[in-house]
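Student: Listed here are the chains, written in short residue letters.
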Amino acid sequence: MSKVISVAGLRKSYGSTKAVDGLALEIEQGEIFALLGPNGAGKTTTVEILEGFRDRDSGEVKVLGFDPATKGRAGQSWRDRIGIVLQSTNDAGDLTVLESVSHFAKYYANPKDARDVIELVGLTDKADALGRTLSGGQRRRLDVALGIIGNPELIFLDEPTTGFDPEARRAFWLLVRKLRDEGATILLTTHYLDEAEALADRVAVINHGQIIEISTPDQLGGRATSLATVSWRDGQQLQTEKSANPTELVKKLGQQFGGEVPELSVKRASLEDIYLEMICGTYE
Amino acid sequence: MSKPTALSIGLERGKLEIKQFMRQRESVVFTLLFPLILLAIFGSVFSNSIAKGVTFSQYFVAGMIASGMVNTGFQQLAIMIPMERDFGTLKRLRGTPMPASSYFIGKAILVTLSMLVQVLLLLAAGVIFFGVNLPTSANKWLLLAALLVLGSTCSTVLGIAFSNVPKSGRGASAVVSPVVIVLQFFSGVFFIFSDLPHWMQQVAAIFPLKWMTQGARSVFLPDSFAQREVAGNWETGRTFAIITAWLVLGLVWAVRSFKWERD
Chain A
176 MSKVISVAGL RKSYGSTKAV DGLALEIEQG EIFALLGPNG AGKTTTVEIL EGFRDRDSGE
236 VKVLGFDPAT KGRAGQSWRD RIGIVLQSTN DAGDLTVLES VSHFAKYYAN PKDARDVIEL
296 VGLTDKADAL GRTLSGGQRR RLDVALGIIG NPELIFLDEP TTGFDPEARR AFWLLVRKLR
356 DEGATILLTT HYLDEAEALA DRVAVINHGQ IIEISTPDQL GGRATSLATV SWRDGQQLQT
416 EKSANPTELV KKLGQQFGGE VPELSVKRAS LEDIYLEMIC GTYE
Chain B
33 MSKPTALSIG LERGKLEIKQ FMRQRESVVF TLLFPLILLA IFGSVFSNSI AKGVTFSQYF
93 VAGMIASGMV NTGFQQLAIM IPMERDFGTL KRLRGTPMPA SSYFIGKAIL VTLSMLVQVL
153 LLLAAGVIFF GVNLPTSANK WLLLAALLVL GSTCSTVLGI AFSNVPKSGR GASAVVSPVV
213 IVLQFFSGVF FIFSDLPHWM QQVAAIFPLK WMTQGARSVF LPDSFAQREV AGNWETGRTF
273 AIITAWLVLG LVWAVRSFKW ERD
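Those protein sequence lines, which keep their order, are chains A and B. Under the working numbering, the first sequence has 310 at position 135, and the numbering climbs by one with no breaks. Under the working numbering, the second sequence has 190 at position 158, and the numbering climbs by one with no breaks.
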């Protein structure tokens, strides 16, 4: 498989603050890759360097085989192949959804059909509504429509579901999977760990400008082999025990109670538990 | 499908800019109607003659046409672009294959159209209500055309350059409008330039609006009025030279300072 994004030794400082400090990562074609990290970890700076919005101090960066820092005409044909969905924008309130999407289609050499894209993001009913009359979630879907109208090979999604209700988020996840199934590679940044878990093939946790770990969501931080928490009720007392062999423990409890164990539960660490441990563990 | 060019995208941007402009009632009123209101007020209050065959209204219409270039170019863009920067419009565009030049072509189309509408409205109101005489010689019309092309281009470029001065979109109007209003007072739009204090005339002579108003007077006032100008003549050559100098300065300033994102 070819690398859609490859980064090595990436560094960027603002004054004496090292925002990105020797970051390396590779993203394969056709995967949904999530970048996780607390505010100020270097996530935004990294993504903006990959998007060509920001220059780097040093390091190797290739996005679709192209250095995003390249200026001039070459950059335009590269931009023809990527789609960027930025964080909260609030523009073009005086244009209808269809007008905005059709207009953006004219920037690209090989765009998708505007009406198809509007349908894909679920705004067909709102095609003739002015931008400023859209709800927050509809507005975000318009942002996505504008980001994918150019038929991009690579899509950047920056906090795409902030402010969505649970139903809208599920619908949005379906849309992202659909885009991937059509062949796009997706780089997602998000604060929602359930979102990363639901969508991402691989996640990278970034802190202090460096990658702490890259893994699949279920393997991150040794999650698959981490201790399970078993809890049950013993008379008045709620008991909990961490165990590497929870099956054994449950069997033993079964024998001890001679049948059902009251209020039995076995829990693995959630992605959020693991993530917080990783972030706080490296925090001094 | 063939690859779009900077010009084809620029024309599309122009159409879009005009569509958005027409849908914003504030922009239509503020940019196009406000000068007419001013003309109605000033034309009614100062109805006296200021020289043989020249009323204040005529003088004022010439000044307002020059101001029209500043309003639709400099003022409109220096307020609109910071707002687009705040809204994320510019950053979004930067992330597409749209060439930067297409964005500016679109703005130039918007300015040209709104400037032409503005000048036509002022001329129509001037002729119908305030006895303004339209030029009769082809030379004067040519001079007007040259003045509008050069002045409007200069104003557009300076508006793009100045769009980096306001700290935010919301504050842009408060930063830009006073600059324009003070220049209008200094440059012989609201008062007769030769009656202004000497120091004010000297300050105004640094900036292009003074030269635009003088150029507009050379089109709309009889040549006999030229002797009432500070220099005693229309100074047409100097007028075009100074506006061109500002155009070049604005171009360098705009290219060097234009930002697609708020820092």
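Don't read these hints as lab results, they were simulated from the structure. Please note: incorrect hints may appear among the correct ones.
[As the list claims (entries may be wrong)] Under 10 Å between C-beta atoms, here's a sample of chain B residues computed to sit facing chain A:
{"no.": "1", "residue": "Arg45"}
{"no.": "2", "residue": "Asp118"}
{"no.": "3", "residue": "Thr128"}
{"no.": "4", "residue": "Trp292"}
Where a beta carbon is used, it is the ideal one built from N, C-alpha and C, also for glycine.
Student: Does each hint fit the structure? Answer for all of them.
Tutor: Structure-based check of all given hints:
The beta carbon of arginine 45 of chain B comes within 8 Å of a beta carbon in chain A, closer than 10 Å, and the hint placing it at the interface holds. Contact between aspartate 118 of chain B and chain A, as hinted, is supported at the beta carbon level, the nearest pair being about 9 Å apart and thus within 10 Å. The interface hint given for threonine 128 of chain B holds, since its Cβ lies 5 Å from the closest Cβ of chain A, which is under the 10 Å cut-off. About 8 Å separates the beta-carbon of tryptophan 292 of chain B from the nearest beta-carbon of chain A, less than 10 Å, and the hint is met.
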